[in-house]
Amino acid sequence: MELRLNEIYARLVAHFGPQHWWPGDGAFEVIVGAILTQNTAWTNVEKAMGNLKRAGLLDPARLHRARETRIARLIRPSGYFNLKAKKLKTFVRFLFDEHHGKLAHLFKRDTASLRAELLAVYGIGPETADSIILYAANQPIFVIDAYTRRIAARLGLSREDATYDELQRLFTANLPRDTQLFNEYHALLVMLGKHYCRKSAPRCGECPLREMCPSARPMIDRNSSRKGRGISASLR
DNA sequence: GCCCAGGTGGGTA
DNA sequence: TACCCACATGGG
Numbered sequence: 111m112e113l114r115l116n117e118i119y120a121r122l123v124a125h126f127g128p129q130h131w132w133p134g135d136g137a138f139e140v141i142v143g144a145i146l147t148q149n150t151a152w153t154n155v156e157k158a159m160g161n162l163k164r165a166g167l168l169d170p171a172r173l174h175r176a177r178e179t180r181i182a183r184l185i186r187p188s189g190y191f192n193l194k195a196k197k198l199k200t201f202v203r204f205l206f207d208e209h210h211g212k213l214a215h216l217f218k219r220d221t222a223s224l225r226a227e228l229l230a231v232y233g234i235g236p237e238t239a240d241s242i243i244l245y246a247a248n249q250p251i252f253v254i255d256a257y258t259r260r261i262a263a264r265l266g267l268s269r270e271d272a273t274y275d276e277l278q279r280l281f282t283a284n285l286p287r288d289t290q291l292f293n294e295y296h297a298l299l300v301m302l303g304k305h306y307c308r309k310s311a312p313r314c315g316e317c318p319l320r321e322m323c324p325s326a327r328p329m330i331d332r333n334s335s336r337k338g339r340g341i342s343a344s345l346r
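So for the first sequence, my numbering puts the first residue at 111; every next one is plus one.
No lab work stands behind these hints: they were computed from the structure.
Computed from a predicted model, the values in this text were never measured in an experiment.
Do not rely on the hints blindly, as some may be mistaken.
Claimed, not checked - DSS-like, lysine-lysine: derived pairs with alpha carbons at most 27 Å apart:
| hint | residue 1 | residue 2 |
| --- | --- | --- |
| 1 | K199 | K157 |
| 2 | K309 | K157 |
| 3 | K196 | K212 |
| 4 | K163 | K197 |
| 5 | K218 | K199 |
| 6 | K196 | K163 |
| 7 | K197 | K212 |
| 8 | K157 | K218 |
| 9 | K163 | K212 |
| 10 | K196 | K157 |
| 11 | K212 | K199 |
| 12 | K218 | K197 |
| 13 | K304 | K157 |
| 14 | K218 | K196 |
| 15 | K199 | K163 |
Work out the full structure: start from the sequences and follow the hints.
Written out as structure tokens, the structure is:
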């Protein structure tokens with residue numbers, strides 16, 4: 111298994127190049143982005159983040175003081191704005207109540223306790239918690255998302271109904287525990303998912319993993335027989 | 001007009 | 001535990 115995960119990574123890097131996700135943005139921006147992107151396209155999140163930034167609210171203390179209704183108005187483009195405003199407020203309240211408003215204080219604890227503490231906060235589930243741990247706290251944990259789930263299933267690495275923890279174990283048990291590797295690997299899987307391994311109408315003909323993917327051919331056949339948008343159309 | 005997007009929490013059986 | 005549902009905007 112380890113060999114395949116290594117080969118997958120090598121192919122993705124060769125195809126997409128290094129991603130450098132969330133490097134320059136501060137840890138707090140990463141957290142806000144992680145909450146706003148829940149079940150939402152990143153382009154919409156960028157609009158909402160821009161609004162928050164212009165309003166000077168990409169700052170724990172200022173966000174803590176801001177009205178929830180105002181936050182909701184600003185993050186409207188990211189969808190679920192009432193819910194996400196509540197989640198953002200809940201997080202900063204937690205940060206100030208438990209950690210003096212300092213992310214450095216929160217991030218001091220070991221990965222397992224940090225994860226447990228984040229999961230206890232309203233609005234933070236496994237993926238958001240792990241995104242925060244990996245991309246904001248820079249601790250080695252593998253993030254599982256809809257793309258990772260779909261790609262792993264199509265590659266035959268996991269069952270369709272695998273749980274979050276099972277998928278996470280698949281990657282962490284077969285890769286060196288390295289923050290930078292986990293960061294790049296997850297970002298590359300998202301790129302693959304967006305461009306080739308889409309939910310409907312996957313573009314297997316151009317996928318860098320097509321030779322090692324058992325679902326590639328049936329996927330192409332289904333599409334080409336139905337709409338003529340399979341490998342022949344993809345390869346032009 | 002329809003499907004989809006870097007999920008999560010709450011309710012019901 | 002296992003489903004089902006609400007939450008909502010914007011792009012293809």
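Here's how the hints hold up against the structure:
no., hint, verdict
1, K199 <-> K157, "holds, 19 Å"
2, K309 <-> K157, "holds, 24 Å"
3, K196 <-> K212, "holds, 20 Å"
4, K163 <-> K197, "holds, 18 Å"
5, K218 <-> K199, "holds, 22 Å"
6, K196 <-> K163, "holds, 18 Å"
7, K197 <-> K212, "holds, 18 Å"
8, K157 <-> K218, "violated, 31 Å"
9, K163 <-> K212, "holds, 19 Å"
10, K196 <-> K157, "holds, 18 Å"
11, K212 <-> K199, "holds, 15 Å"
12, K218 <-> K197, "holds, 23 Å"
13, K304 <-> K157, "holds, 19 Å"
14, K218 <-> K196, "holds, 26 Å"
15, K199 <-> K163, "holds, 16 Å"
Checked against the numbered hints listed earlier, the structure breaks hint 8 alone; every other hint is satisfied.
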